[in-house]
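Visitor: Sequence:
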Amino acid sequence: MFNRIYLTLGKCHNTYGYKFKITPGVKGANVEKDKKGFRTKAFVSFVILWSFIILVSSGVVLYISPSGSIAKSISWKILSFSRDTWRGMHIIFCFLFVVFMLLHVYFNWRELLGYLRSKISRGIFSRKELVFSLIIVGIVLIFALARWQPLSKLLEWRDLIKYKQRTQQSSFLEKKENDPILTIRIEEGKGEISHQLLLLSENLIEKAQTCFK
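One point on numbering: in this note's numbering, the residue at position 167 of the sequence shown is 169, and numbering is uninterrupted.
Bear in mind the hints are in silico, worked out from the structure with no lab data behind them.
Just to be clear, a hint being listed does not mean it is correct.
Calculated cross-link-like contacts (lysine to any residue; reagent style SDA-like; alpha-carbon spacing at most 25 Å) [what the hints assert, rightly or not]:
hint : residue 1 : residue 2
1    : 43        : 53
2    : 74        : 93
3    : 74        : 163
4    : 130       : 149
5    : 74        : 151
6    : 155       : 140
7    : 164       : 76
8    : 43        : 98
9    : 79        : 164
10   : 155       : 89
11   : 121       : 98
12   : 164       : 57
13   : 164       : 92
14   : 164       : 147
15   : 74        : 94
16   : 74        : 84
17   : 155       : 135
18   : 79        : 94
19   : 74        : 62
20   : 43        : 57
21   : 155       : 136
22   : 130       : 141
23   : 121       : 103
24   : 43        : 102
25   : 43        : 56
26   : 164       : 153
27   : 74        : 57
28   : 164       : 64
29   : 74        : 87
30   : 43        : 108
31   : 79        : 90
32   : 130       : 119
33   : 164       : 83
Ranges of calculated distance between the beta carbons of each label pair, as one might list FRET restraints [what the hints assert, rightly or not]:
hint : residue 1 : residue 2 : range
34   : 96        : 66        : 16 to 24 Å
35   : 117       : 147       : 41 to 49 Å
36   : 165       : 104       : 39 to 47 Å
37   : 157       : 122       : 35 to 43 Å
38   : 139       : 80        : 28 to 36 Å
39   : 153       : 59        : 16 to 24 Å
40   : 159       : 139       : 35 to 43 Å
Where a beta carbon is used, it is the ideal one built from N, C-alpha and C, also for glycine.
Modelling step: build the complete structure from the supplied sequences, incorporating the hints.
Guide: Okay, structure coming up:
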């Protein structure tokens, strides 16, 4: 019976722009207007989703990236973007994520408050889960600040990646230092020294300092 009523009224949805849903055990029908316009809540949710994906991606890139000086000296890039570009992208989308999360709370604050009130009034508010979640987050925070095992392994892996990148940079600079074509341009009263040249050897740094005096 209910299926027949639902199918019959469903045809009215195409004509008048409304859809009716009758649920067994509930008096009357729930009427919901099918809006074809711009949905602000859906827009906010999608922006939060894409921002989260970009934050995770840029976070992984920054995790494996070398330090700033090394990245510049070896022209380190991923997907044609430098480390500074990835860092700027991460900061901008972190700000965007926070802003749209606040908008999400603003647009859904009544539903959130209603949910919390219903849980509290029924006396089934998840106190155990709340306390347990706070304990877990607190333990992770303390272990991260103190650099204790096993969470410190994440930092040690990152240090290992950066150590290998420093080794690659050293071999790169040694090849440049032994290259007879590599020269340092020193004009009278003026010196033009690149960042890579300053990293070659102490001898070159002394020459550069003499030039600038």
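Visitor: Would you mind marking each hint as holding or not holding in the structure?
Guide: Results for each hint:
1. 43 <-> 53: 15 Å, holds
2. 74 <-> 93: 19 Å, holds
3. 74 <-> 163: 17 Å, holds
4. 130 <-> 149: Violated, at roughly 28 Å.
5. 74 <-> 151: Between residue 74 and residue 151 the Cα gap is close to 32 Å, so the pair fails against 25 Å, i.e. violated.
6. 155 <-> 140: Holds - the C-alpha atoms of residue 140 and residue 155 are around 18 Å apart, at most 25 Å.
7. 164 <-> 76: 13 Å, holds
8. 43 <-> 98: Judged against 25 Å, a Cα distance of about 16 Å means the pair holds.
9. 79 <-> 164: 15 Å, holds
10. 155 <-> 89: Answer holds: residue 155 to residue 89 is near 23 Å, not above 25 Å.
11. 121 <-> 98: Distance ~31 Å between residue 121 and residue 98 Cα, so the pair is violated.
12. 164 <-> 57: 21 Å, holds
13. 164 <-> 92: Cα-Cα ~20 Å, so holds.
14. 164 <-> 147: Holds, at roughly 20 Å.
15. 74 <-> 94: 21 Å, holds
16. 74 <-> 84: 8 Å, holds
17. 155 <-> 135: Distance of about 23 Å is within 25 Å: holds.
18. 79 <-> 94: 19 Å, holds
19. 74 <-> 62: Roughly 19 Å between the alpha carbons, so the hint for residue 74 and residue 62 holds.
20. 43 <-> 57: 21 Å, holds
21. 155 <-> 136: 23 Å, holds
22. 130 <-> 141: Holds. Residue 130 to residue 141 sits at ~16 Å (cutoff 25 Å).
23. 121 <-> 103: Holds, at roughly 23 Å.
24. 43 <-> 102: Holds, at about 10 Å.
25. 43 <-> 56: 20 Å, holds
26. 164 <-> 153: 18 Å, holds
27. 74 <-> 57: Distance of about 23 Å is within 25 Å: holds.
28. 164 <-> 64: 11 Å, holds
29. 74 <-> 87: 12 Å, holds
30. 43 <-> 108: The given pair, whose Cα atoms are some 10 Å apart, holds under the 25 Å limit.
31. 79 <-> 90: 14 Å, holds
32. 130 <-> 119: 17 Å, holds
33. 164 <-> 83: 18 Å, holds
34. 96 <-> 66: 16 to 24 Å: 18 Å, holds
35. 117 <-> 147: 41 to 49 Å: Check failed, 33 Å falls outside 41 to 49 Å.
36. 165 <-> 104: 39 to 47 Å: 40 Å, holds
37. 157 <-> 122: 35 to 43 Å: 40 Å, holds
38. 139 <-> 80: 28 to 36 Å: With a Cβ separation near 31 Å, residue 139 and residue 80 satisfy 28 to 36 Å, so the hint holds.
39. 153 <-> 59: 16 to 24 Å: 22 Å, holds
40. 159 <-> 139: 35 to 43 Å: 22 Å, violated
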